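Since the structure of chain A is provided, determine the placement of chain B on it from the hints.
As a plain string of letters, each chain reads:
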Amino acid sequence: GAVVSQHPSRVICKSGTSVKIECRSLDFQATTMFWYRQFPKQSLMLMATSNEGSKATYEQGVEKDKFLINHASLTLSTLTVTSAHPEDSSFYICSATDYTTDTQYFGPGTRLTVL
Amino acid sequence: RKEVEQDPGPFNVPEGATVAFNCTYSNSASQSFFWYRQDCRKEPKLLMSVYSSGNEDGRFTAQLNRASQYISLLIRDSKLSDSATYLCVVTPNTGNQFYFGTGTSLTVIP
Chain A
1 GAVVSQHPSR VICKSGTSVK IECRSLDFQA TTMFWYRQFP KQSLMLMATS NEGSKATYEQ
61 GVEKDKFLIN HASLTLSTLT VTSAHPEDSS FYICSATDYT TDTQYFGPGT RLTVL
Chain B
1 RKEVEQDPGP FNVPEGATVA FNCTYSNSAS QSFFWYRQDC RKEPKLLMSV YSSGNEDGRF
61 TAQLNRASQY ISLLIRDSKL SDSATYLCVV TPNTGNQFYF GTGTSLTVIP
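Top line first, the protein sequences correspond to chains A and B. 1 is the number of the first residue of the first sequence in my numbering; add one for each residue after it. 1 is the number of the first residue of the second sequence in my numbering; add one for each residue after it.
The shape of chain B in the complex, shown without the other chains:
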């Protein structure tokens, strides 16, 4: 079983729409959770960390559900510039290596 699983999409949404991505992880002892954004042919860049209590950064909201072992990312009022691949990232209880989901492709359409 993969460490992290994501729906690859693609998600094609109109500007202004709200879109949500989910990601499940297999290791219940996982310590840290993140959402990264990766543009085509570029390295991933941190979008936001995911905290147990949930957290919000502008139009982006991240949630963690430890009982069900999933994290989510909600994007409100989508912009064209939000088009990218969103990667769910989990770190195990030891070390700092990251395990990535396959990424969810988002295209925001004018």
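Okay, chain A solo, but in the shape it has when bound:
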């Protein structure tokens, strides 16, 4: 079946650095991808909708200048956490919709720890 990959799966960085997370749809094209964040024992929260070839749409309360999203191709979206701080430590998950089957697939997630 369709697969969505994320890289890296785990990252530990120092406060103030930027971290880029990649989300790829491996065997289908995704004009739209979504980025979620999940803090421990909490639900996934939608951060933004990534649209291929155009600007991302951010949910209320999510800083677009801090969480940069680029969706340059039909199979790749990237999320860059700029100037990361310890409060950004979280589990980041992307998803992509395979419109041929109308099914949304989730990536395995990236666990970010900011020291």
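Just so you know, the hints here were simulated from the structure itself, not pulled from any lab data. All of these numbers come straight from a predicted model, not from anything done at the bench. Where a beta carbon is used, it is the ideal one built from N, C-alpha and C, also for glycine. Hints should not be assumed to be uniformly reliable.
[Stated by the list, open to error] From chain B, some residues computed to sit far from chain A (all C-beta separations above 10 angstroms):
id: 1; residue: P14
id: 2; residue: A20
id: 3; residue: E43
id: 4; residue: L46
id: 5; residue: S52
id: 6; residue: E56
id: 7; residue: Q63
id: 8; residue: L64
id: 9; residue: A67
id: 10; residue: S83
id: 11; residue: Q97
id: 12; residue: T102
[Unchecked claim] The calculated EDC-like cross-link candidates involving lysine to aspartate or glutamate, where the alpha carbons are at most 20 angstroms apart (straight line), are:
id: 13; chain 1: B; residue 1: K45; chain 2: A; residue 2: D88
id: 14; chain 1: B; residue 1: K2; chain 2: A; residue 2: E22
id: 15; chain 1: A; residue 1: K41; chain 2: B; residue 2: D82
id: 16; chain 1: A; residue 1: K20; chain 2: A; residue 2: D102
id: 17; chain 1: A; residue 1: K14; chain 2: A; residue 2: D88
id: 18; chain 1: A; residue 1: K66; chain 2: A; residue 2: D27
id: 19; chain 1: A; residue 1: K41; chain 2: B; residue 2: E56
id: 20; chain 1: B; residue 1: K42; chain 2: A; residue 2: D88
Same frame as chain A, now just chain B:
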């Protein structure tokens, strides 16, 4: 008000028990409904879609009540492997973004 609300549990049930989870949603125009399962530190995986007429997949039964704006998941004959967090997911009438409930934690005890 949150888009989707769930009882977080935890639910601790013995093997073989029947357990039910409910979830309410706030947007009456919501189009699609799903139950996802999430194991610890893993991504959510689709368990089943929820159809207006209700649907069953083996030991799992999902129901949708549009009038009261809630969906339910019933698990019969619980197995140890059913232990996970079950997420109620709703999509609005536009776009494909998902809104997740907080998840309900289930532990099946031997």
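Hint numbers not upheld by this structure, sorted from lowest to highest: Violated: hints 3, 4, 11, 12, 13, 14, 16, 18, 19.
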